[in-house]
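Dock the two chains into a complex; use the hints.
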Amino acid sequence: MMMRFFVPRDAAARAVGADKVAAALHDEARRRGIEIQIVRTGSRGLFWLEPMVEVETPDGRIAFGPAKPGDAPGLLTAGASHPLYLGRPEDIPFLKRQTRLTFARCGIVDPLSLADWRAHGGGRGLERARSLGAAATLQEVAKSGLRGRGGAGFPTGIKWKTVADTVADRKYVVCNADEGDSGTFADRMLLEGDPFALIEGMAIAGLAVGAAKGFVYIRSEYPDAVRTFERAVSLAEADGLLGAAAGFDIEVRVGAGAYVCGEETALLESIEGKRGQVRAKPPLPAHKGLFGRPTVVNNVVTLATVPWILAEGAEAYSVLGMGRSRGTMPIQLAGNVRHGGLFETAFGVTLGELVDGIGGGTRSGRPVRAVQVGGPLGAYFPRALFDTAFDYEAFAARDGLIGHGGIVVFDETVDMMRQAGFAMEFCAIESCGKCTPCRIGSTRGVETLDRIRRGERVAANLELIEDLCQTMKFGSLCALGGFTPYPVMSALRHFPEDFVRRARAVAAG
Amino acid sequence: MSVQWDEAEAREIVRRHEGREGRLLPILHDVQASFGCIPDPAIPFLAQAMNVTRAEVHGVVSFYHDFRDRPAGRHVLKICRAEACQAMEGEGLARRLLDRLGLEWGGTTPDGRVTVEPVYCLGLCASAPAAMLDGEPMARLDDGSIGEIVSEVSR
Ligand SMILES: Cc1cc2nc3c(=O)[nH]c(=O)nc-3n(C[C@H](O)[C@H](O)[C@H](O)COP(=O)(O)O)c2cc1C
Ligand code: SF4
Ligand code: FES
Numbered sequence: 003m004m005m006r007f008f009v010p011r012d013a014a015a016r017a018v019g020a021d022k023v024a025a026a027l028h029d030e031a032r033r034r035g036i037e038i039q040i041v042r043t044g045s046r047g048l049f050w051l052e053p054m055v056e057v058e059t060p061d062g063r064i065a066f067g068p069a070k071p072g073d074a075p076g077l078l079t080a081g082a083s084h085p086l087y088l089g090r091p092e093d094i095p096f097l098k099r100q101t102r103l104t105f106a107r108c109g110i111v112d113p114l115s116l117a118d119w120r121a122h123g124g125g126r127g128l129e130r131a132r133s134l135g136a137a138a139t140l141q142e143v144a145k146s147g148l149r150g151r152g153g154a155g156f157p158t159g160i161k162w163k164t165v166a167d168t169v170a171d172r173k174y175v176v177c178n179a180d181e182g183d184s185g186t187f188a189d190r191m192l193l194e195g196d197p198f199a200l201i202e203g204m205a206i207a208g209l210a211v212g213a214a215k216g217f218v219y220i221r222s223e224y225p226d227a228v229r230t231f232e233r234a235v236s237l238a239e240a241d242g243l244l245g246a247a248a249g250f251d252i253e254v255r256v257g258a259g260a261y262v263c264g265e266e267t268a269l270l271e272s273i274e275g276k277r278g279q280v281r282a283k284p285p286l287p288a289h290k291g292l293f294g295r296p297t298v299v300n301n302v303v304t305l306a307t308v309p310w311i312l313a314e315g316a317e318a319y320s321v322l323g324m325g326r327s328r329g330t331m332p333i334q335l336a337g338n339v340r341h342g343g344l345f346e347t348a349f350g351v352t353l354g355e356l357v358d359g360i361g362g363g364t365r366s367g368r369p370v371r372a373v374q375v376g377g378p379l380g381a382y383f384p385r386a387l388f389d390t391a392f393d394y395e396a397f398a399a400r401d402g403l404i405g406h407g408g409i410v411v412f413d414e415t416v417d418m419m420r421q422a423g424f425a426m427e428f429c430a431i432e433s434c435g436k437c438t439p440c441r442i443g444s445t446r447g448v449e450t451l452d453r454i455r456r457g458e459r460v461a462a463n464l465e466l467i468e469d470l471c472q473t474m475k476f477g478s479l480c481a482l483g484g485f486t487p488y489p490v491m492s493a494l495r496h497f498p499e500d501f502v503r504r505a506r507a508v509a510a511g
Numbered sequence: 002m003s004v005q006w007d008e009a010e011a012r013e014i015v016r017r018h019e020g021r022e023g024r025l026l027p028i029l030h031d032v033q034a035s036f037g038c039i040p041d042p043a044i045p046f047l048a049q050a051m052n053v054t055r056a057e058v059h060g061v062v063s064f065y066h067d068f069r070d071r072p073a074g075r076h077v078l079k080i081c082r083a084e085a086c087q088a089m090e091g092e093g094l095a096r097r098l099l100d101r102l103g104l105e106w107g108g109t110t111p112d113g114r115v116t117v118e119p120v121y122c123l124g125l126c127a128s129a130p131a132a133m134l135d136g137e138p139m140a141r142l143d144d145g146s147i148g149e150i151v152s153e154v155s156r
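First to last, the sequence lines map onto chains A and B. Quick note on our numbering: the first sequence kicks off at 3 and runs consecutively. Quick note on our numbering: the second sequence kicks off at 2 and runs consecutively.
With the rest of the complex left out, here is chain B (with noise of 0.2 Å):
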């Protein structure tokens, strides 16, 4: 999901939120949306474009754990770690997950495919254990229907 650096899409997309009050984070989540991540020349572009400095923009970025430096996998797991799913031994089923993916938390595979992100609380915390596939909700996980998740990204 890698794209290039295109300074002129960036353009489109702080002209598309012109005028609102208090952008910066729509602009970031437009930005990430069409690039993958918040790439390096973002910065001091929003930097200018907004008026601010460069570190003010960066202190944005770096605060929110949803913006990415980098591009993830081709499909994001993001795996609920939080107190309902942990009651539903939801810690022992991602950790099962990740070594059948070789991977530690945040970590992705080395085929580019599969991104797997902790997440804390999806809201679905009555059929826990529950996680989100690129955007999708999934709940009731038990070894079984992870099973069928590392097939359907491994594809």
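Looking at chain A on its own, in the form it has when it is part of the complex (with noise of 0.2 Å):
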């Protein structure tokens, strides 16, 4: 009988030698004459123990690792007695604890098989959606509660009405696949392993506001999805998911490494052609979009979500989660953490829970002190406010944000004055020049807290920075500009023995 194994081919497993390990497997096999088949799929988001090779059984699949290529020749004959068995994935406790909705096939299809899709429940939320017609499936996603999960957790059925309400020649779909924020790898490991679930969901999307034309917006460090996901709107246009019949065609784009462009209409700017500089506001996108028509810009995990709405109903989505935050999050756990990676669950869960129950403390082994929630715009926590909820408003009010679901955790070694300085950094290197507390606020901002560094007028320069933070927050135009003092305030307000204590000890030399 033909053995199946299956070995992600998600960038993060290749980066840690998932490509070698289904080498060796092949060689392995052929070396003494068994017949195996090596499906590549996305990542189960376990990247503690990728390369995570499972084997098919009568009882389901089976886990190992992290396998190494030296493990093959165990691995083809490996039982429980392995010593990197880790019984079947859905038992890992990691895993176990999920609500994989968005998530659910990802790590177990091959994301370029139709078929694979198929058997696993796509393409039912696009065909519940036509035979609803657009009013209806409008309905549906409104009442599921869906909220954008680039970022700004703007409610998506309002944004979708808006363009289906505007009359225009042309409409567009935008897919923001940006994911500039450090810390995420939602967008990425959808893209490379279940890419049909964001077809699906711009087609719906497509359906329900009057669009035929969809782009999705990939960055350029991000190629293996870049490769994965044009290859899957190829296949979907062989197959008449998109195209002609469908009534909806997508195009991929990728950008230039520009942060900035992750910013919608930067990013409609940036397919235009332009520099990716942040346009005003009003008009909305929703009105005035990309080539000035009415656009849809939303994030790959928004759109991958709305197969599931469709297809189960909104009602099994809204009656996950917590207050206004409906349904589930990805939650990507990052840095220096034990068990990193993607944690789908309803909105609700504690910080601490996270990091210290499901991410089980840091790598280091050294006491966890600070963690960034939501990118390089998000607030640092310090552990006094873990038992903050995982939730759009719980966070709000404690000055942070949740952003795109990102938490990177940091040890005691961390130095939270050169946090903040990042932070200042990465503002003046990415910003799009439009707005001067943007531009010029940011580099002085990283000039005053090198100030601070040398022990050099520390009150004064403390003020500085407030004031500076101020301005930035309230003269940008985007966040970029405006919710850099998130970070920078935060790490002042929670840890300001790192700013007045350093500074003291140069002082005194």
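Hints listed in this document are in silico derivations from the structure and should not be mistaken for laboratory results. Hints should not be assumed to be uniformly reliable.
What the hints assert, rightly or not - Selected chain B positions facing chain A (Cβ under 7 Å, derived; list incomplete):
id, residue
1, G23
2, G60
3, C126
Note that the coordinates shown come from a computational prediction; the quantities given were computed from them, not determined experimentally. We put the beta carbon where it would ideally sit given N, CA and C, even for glycine.
Set out below in structure tokens:
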């Protein structure tokens, strides 16, 4: 009987040797005359176990990891006594505790097999949307309570309704796959692990708002995702899932290394072939977006969640979560964390549970001192705030944000003044240049923090940092300049000792 | 990887994107793939081909970090400098690598073998520190794997 193995092709699995493991399995099987098939899946998102190899058995798949090429001979005949034996992946606590809706297929199917996708429920959402029609589809999305997963958390149903209500010769659906936030990789995992989910979601969006053309803007730092997604689009065209008969087309565009192009209007400028400068709002993209036409701009996760909502019903989604944060969020645990990976769960779990319980604390083994939630524009939280629930409003109430769901963990060796300095520096590097507070203020912020580090007029310079942050917060057109104060001020507020103590130590020589 | 400017090839690239909406970025990516950078003559050529001013083309080229005005080394190593990699001491690791190669960020070795550039996140943040060598992802880096990289790019 032919044995079936599953080895991820996800970039984070390839980055730690998944290709070599797959090749070694192949060679070893041939050498021994064993017939095997190796399916290259996406990743389950348990990255400390990658490369995680799964083998099909009569009782379901059994996982082994983290595997090295040298493990291949043993893996061909491995059982429960193998040192890398993990058992059924679904029973690994990190996976068992999740509620996987958006990521239900990721890591399980061959991302480029339409047959696999259909066998695992793919296409049912679009089918239901077609039978419901545009108006009822819009209603489902609104009723589900889905909010944008790109960062701002804007209700998706309202955005779609705004575009649907416009009259225009052409409308567009634009998928934001620029995923620039450090600590995030959910979009990348979907593009590489279940690209048809995004294609289906975009087709549903097109149907709901009356658009026949979609663009997916993928950052250039993700060559694997670009390759897999482009291939998926060709397969979908050949299949009829996309194209004239389906009434919807998708074109892939690749970014060119500018963080600000993740901001939706800068992204539209970039697709139009211009500098990625932020546009003033109004007009909203929903009214005057790409090439001046009404445009839906949504994050990858937002769009890829829509098929589940349509297939299972708005109600099934909205019963999950807390407050105004409905459904699930793919939370990404990163940085100095023992169990780093993707954890999709209903909103409401506390930060402490995520970092200490699910993440298992730091990889270095030293105590957790700070976490940055929501990317480079998100606040640093100390352990004292670990009771904060993962919820848009709960984080906002504590001057933080959940953004795209990334949590970067730091141990006690972190220097928070340096992190504040990096936040300012990143803003200076990535500023689109339109607003003075963002462009100039961030550079002054870097200089001022350097002075504090050198022990120069510490009190006065700390005051200057606060003033600069106020100016950036209120004088910036977009969240790059406007939110950089979050990491800076939270570092200052929650970890003042790093600013004063170090500065004092320098002054004392 | 330095390639002579070839107007016929550039014309062919532009032709390939005929009729596409907002085609300047895809064209620039292709130009860089063919020539290793955006060579100076490309600016007036593209301005004319696309019926925009030179200043506009130049403005776009200079805005994006990806586009180079001269070719990179034979290998391009992009090392992540963003927060998740900082949390795993990626900065110290990068510094040691740069020192071994005798480079600063953005520099190319005198023999033209390797260019080392900063990148802000590769989406490998759960397996930090991370880098990308000639488009191939690498993660959980340490001094051992960095040593291997140095010998690979020095070949
Ligand atoms: C500087 C900046 C960078 C951003 N980067 C991204 C990004 O990489 N991906 C994303 O989906 N949204 C990003 N956003 C948010 C987008 O502007 C926009 O809110 C989002 O794409 C809308 O989709 P959603 O409603 O599905 O979240 C960014 C915003 C700013 C200000
Ligand atoms: S805040 Fe910064 S990035 Fe945003 S529009 Fe202003 S200058 Fe551009
Ligand atoms: S922060 Fe380095 S890969 Fe994301």
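Interface hint for G60 of chain B, Cβ within 7 Å of any Cβ on chain A: holds (5 Å)
Measuring from the C-beta of C126 of chain B to each C-beta in chain A, is the shortest one below 7 Å? holds (4 Å)
Does G23 of chain B meet its interface restraint, that is, does its C-beta lie within less than 7 Å of any C-beta in chain A? The hint holds - G23 of chain B has a Cβ within 7 Å of chain A, the shortest such distance being about 4 Å.
When each numbered hint is compared with the structure, no violation occurs for any of them.
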